[in-house]
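Chains as they are written, first to last, in this note's numbering: chain L, 1 to 137; chain A, 1001 to 1265.
Hints may be right or wrong, so weigh each one.
Once the Cα atoms are required to be at most 25 Å apart in a straight line, the calculated SDA-like pairs of lysine to any residue come out as [said to hold, decoys possible]: (1) A:LYS1161 x L:SER20; (2) A:LYS1222 x A:TRP1212; (3) A:LYS1078 x L:GLU80; (4) A:LYS1245 x L:VAL46; (5) A:LYS1245 x A:ASP1136; (6) A:LYS1222 x L:SER20.
Honestly, the hints are just simulated from the structure, not real lab data.
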Amino acid sequence: MTTAIQPAGGASGPPGGPSSSSLADVIDTILDKGLVIDAYVRLSLVGIELVTIDARVVIASVDTYLRFAEAVNRLDIANEDSKAGLPDLVDDVTSGAAKSKTQGVLDAAGEKLSDLLNQKQPQRQKATRVRSQREDR
Amino acid sequence: MTTSQETKDGADRPQADSAVYVYGIVPGDVEVEESAQGIGDPPAPVETVHEGDIAALVSVIAADRALGTPEDLQAHAKLLDGTAAVVPVLPLRFGAVMTDEDSVAEELLREHHDEFAQALKALEGQAEYVVKGRYDAEAFLTRLLSENKQARQLSDDIRNKPEDASRNSRIALGELIANAIESMRNADTKTVIDDLDGIASQVNPREPTHEWDAVHVALLAKVERQAELEEVVGRLSENAGGRMKLRLLGPLAAYDFVVTARAQG
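Whole structure, please, built from the sequences with the hints as guidance.
See the structure below:
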């Protein structure tokens, strides 16, 4: 029996089915999960340079706390302003702002990665580990 | 960092300048479609290296190029996830490179042949799925402030003081929020795992990777039961109202379930 491998294109999966993986989803998965080749191979390993991102987040840090508090503050301001009069407009503006502030660290990491890679140095990149949001307590 | 080092004669590159990128390991009867695309720019063709009953999915790549562009990452994931939808595959972590195809056959496949063959057999008919949930920050905070007196007091205190005088209160409020997220995350994760119990053969909760992460769970399930999975996740998402958004990713290669005794180190 022979089975063919399909490249996972847009055709896979029924409409309304699972969502496809974003770059952030992919980073979550393939950089620190899966079989580690070093565990199997010693002699013929090629140490190729990797330009990747350490995307782990340390949840509890002072910086995170301050950001949460700031989000509450924005919420309060939004509520007060809406009481004061301009409900719709202000609501829109603040929720937009809140959204951009609380955007994913991973999304940010993805962007960082793109930035890095867009600097045109196609030949030899220095192995660059970008640490995003990595505060030690 | 490098200024210029022109070695761009790709055509007559000597052998040592190429290396073999390994994506994963599949049963030996698998054939790769010609349209399958690997990593690199332009995407390298995907080939198989056979040994006994198993094979490796590989691409020949230039040895002097750093890996890790978004396209590289996506290509690695797409190839393996596309494979996982139809045949069992043992995914390697991104960035596995060996010297040449012979060493892939001998050192990787022959040395560990039985171990890999067994793992592939165990994966037959199954694939990985990931359930990801994210809290709506505004909804979460609004609810917390209305239900939690201490949060309300801290928030008032912060508003009535100049910024540098309120630092301690801001930290205390932030910590309270972080703890509230964590305990809600634990509860929601438990609910999701309980509800998936009948469908998943294995479950592996992942660490959160975002501060508003509500649920991050990998599971192994029969591909033929995907519709049931979608139904469960759809229902959970509906039950949550606007509180959190759930997504189901998959079928994916079983990245979270291929830990072998030796790889675990």
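Verification of the hints:
Distance check on the hinted pair: LYS1161 of chain A and SER20 of chain L sit about 46 Å apart at the alpha-carbon level, beyond 25 Å; violated. For the hint pairing LYS1222 of chain A with TRP1212 of chain A, the CA-to-CA distance comes to about 30 Å; that exceeds 25 Å, so the pair is violated. Note on LYS1078 of chain A and GLU80 of chain L: the hinted pairing is violated, with a Cα-Cα distance of about 48 Å set against a maximum of 25 Å. The straight-line distance between the Cα atoms of LYS1245 of chain A and VAL46 of chain L is roughly 42 Å, outside the 25 Å bound, and the hint therefore fails.
Restraint check for LYS1245 of chain A and ASP1136 of chain A: the C-alpha separation of about 7 Å stays at or below 25 Å, so the hint holds. Distance check on the hinted pair: LYS1222 of chain A and SER20 of chain L sit about 19 Å apart at the alpha-carbon level, within 25 Å; holds.
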